[in-house]
Amino acid sequence: MYGDNDMNHDSTPDAVGGVATTTSRTIGVLAIVAMTWVLVSGLFLTPADINQGDAVRIMYVHVPTAWIAYLAFIVTGAASLAWLLKKSPSLAFDRVAGASAEVGVLFMAMTLISGSLWGRLTWGTFWVWDPRLTTTAFLFVTYIGYLAVRGLGGSPQQRAQRSAVIASLAVLEIPLVHFSVVLWRSLHQSASVLRPDGDVKMDGLMLFTLFSGVLAFTFTFLWLVIHRQRMLLMRDVVGEKGLEAAIRERRRDHGGVVA
Amino acid sequence: MKSQSTLRIARVVAGKDLQIEFRSHVVINRIVPFAALVMVMFAFALDDDLLLARVAGGLVWLATLFSLFIIVQRSFAIETADGALDALRVAGVNPAGIFLGKALALVVQLFLLEITLIGAAIVLYRVHVEPSSAVLLVTCMFCATLGLAFVGTIFGGLAAGMRGRETLLPLLMLPAIAPVLIGATKATEAAFNTSGMVTSEGWPWVGLLAVFAAVFGVGGLSAFSSLIEE
Amino acid sequence: MSDAGFIVLSYAVTGGSILVLVIVTIRRGRLLSRQVADQDKPWI
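Here the protein sequences come in this chain order: A, B and C. Per the numbering used here, the very first residue in the first sequence carries number 1; after that it's consecutive. Per the numbering used here, the very first residue in the second sequence carries number 1; after that it's consecutive. Per the numbering used here, the very first residue in the third sequence carries number 1; after that it's consecutive.
Worth double-checking, as some hints may not be accurate.
[Stated by the list, open to error] With the C-beta cut set under 7 Å, the calculated list includes, among others, these residues of chain A facing chain C: (1) Val19; (2) Thr21; (3) Val61; (4) Met110; (5) Arg228; (6) Val238.
Hint data in this document are derived by calculation from the structure and do not stem from the laboratory. Idealized CB from N, CA, C, for every residue including glycine.
Take these sequences, add in the hints, and give me the full structure.
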């Protein structure tokens, strides 16, 4: 009943409208345009760095995805806290929290992958116990736990309650983890936070491309969250309808009495 | 007065949990031996006396963490088995009191566990604890244990009654208690005078542990009611 | 793998994952929207 309701192919005659709206379409177009520009500029138009060479090109995808990954986490945390405090039955905040987490986990994975590829080129290793990298890895695992909790709830209200609490705990624990790791690493000689982009001299075009990258990925994030939280709403509606239909059937089978 | 009744409830709940343990001896008979066995396994895996002495601090707390999940799950399994937690909640018992009580019971059991593990480290890994370091060590244990107990009670309460909680609980808890592992390891190494640490260097790490315990203590007290409600 | 290989891989992984998620979202969205009446969709 709460299984994959997407496989139910009964169409409703009054389901004419789609998922997109003018707003989401505009954002989508902006995202595509900006992404294309970043792709072209990052790979071909911008100059190579004096120190790193062409490896610096990874920066144009790595830095924006990192930024979005943290933004998504903040959105999930804020929406979850808002849901906990608001106490109205509306699940809108919960859906935004869930959608933002789904997208955030993806962006975080991309951040870790592109980051380790960049590190391989600049530092020679795929991984260093740098506070930012380590905290990002922890954030990633925390997200996965959050999504796992969302995946096993019962009613939408229960799911919202549980995941909101988990997200709020995450808002507490991530700064603590970061602080601890910073302290931990400060004991070792490389006390400076290692950044592949630490010693990059950025000229005008590089800066502009980086900024466009942040913009492009932000638009992409917005489009994805808007669409995915609409998807969550529809999934909940379909699930409810399925429940009501099952109860009605049960009543019919038992002559008006729910066994 | 609200605060008086909270403490009273806490005492009653803690007393109940500890009595259950006292009658069944699960922690003493099964979990503590498991943890001691883990310490032995570390020796097999690492196979180097100098190395073992150096990392002894970390190993003690790793073994504690591995046992923590089992202890927490058991602490809430005894509640959900008879629906006792729901009964308490429905009866209007102050959730903060329940939180404090269960955390307190966890503190006692964890403390016993840690003493055993530190003893194991002294015997198996040949670390020494000078009398002057004992204060540091005990304070570290106390602050770390408080933090672990608070986190364990929060997540344990949340996971209680959820399907698949055995596999979910470690995944949820480990990121949260990483700071305790970092801080407790460093402070314990300072108390053992291993890894080039001097006893006085341990105190800032105890500070981290205290902050951690405070954050999750306050968090748990305020949030426990919404955690256990359905 | 050469420098260029790493760089292309980063862009491919990033762009590719986003593309896959966008396509999956659009398709699932279309499937679901056929099952949900317009009155239940707050954005219409």
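If you check each hint against the structure, which ones fail? none
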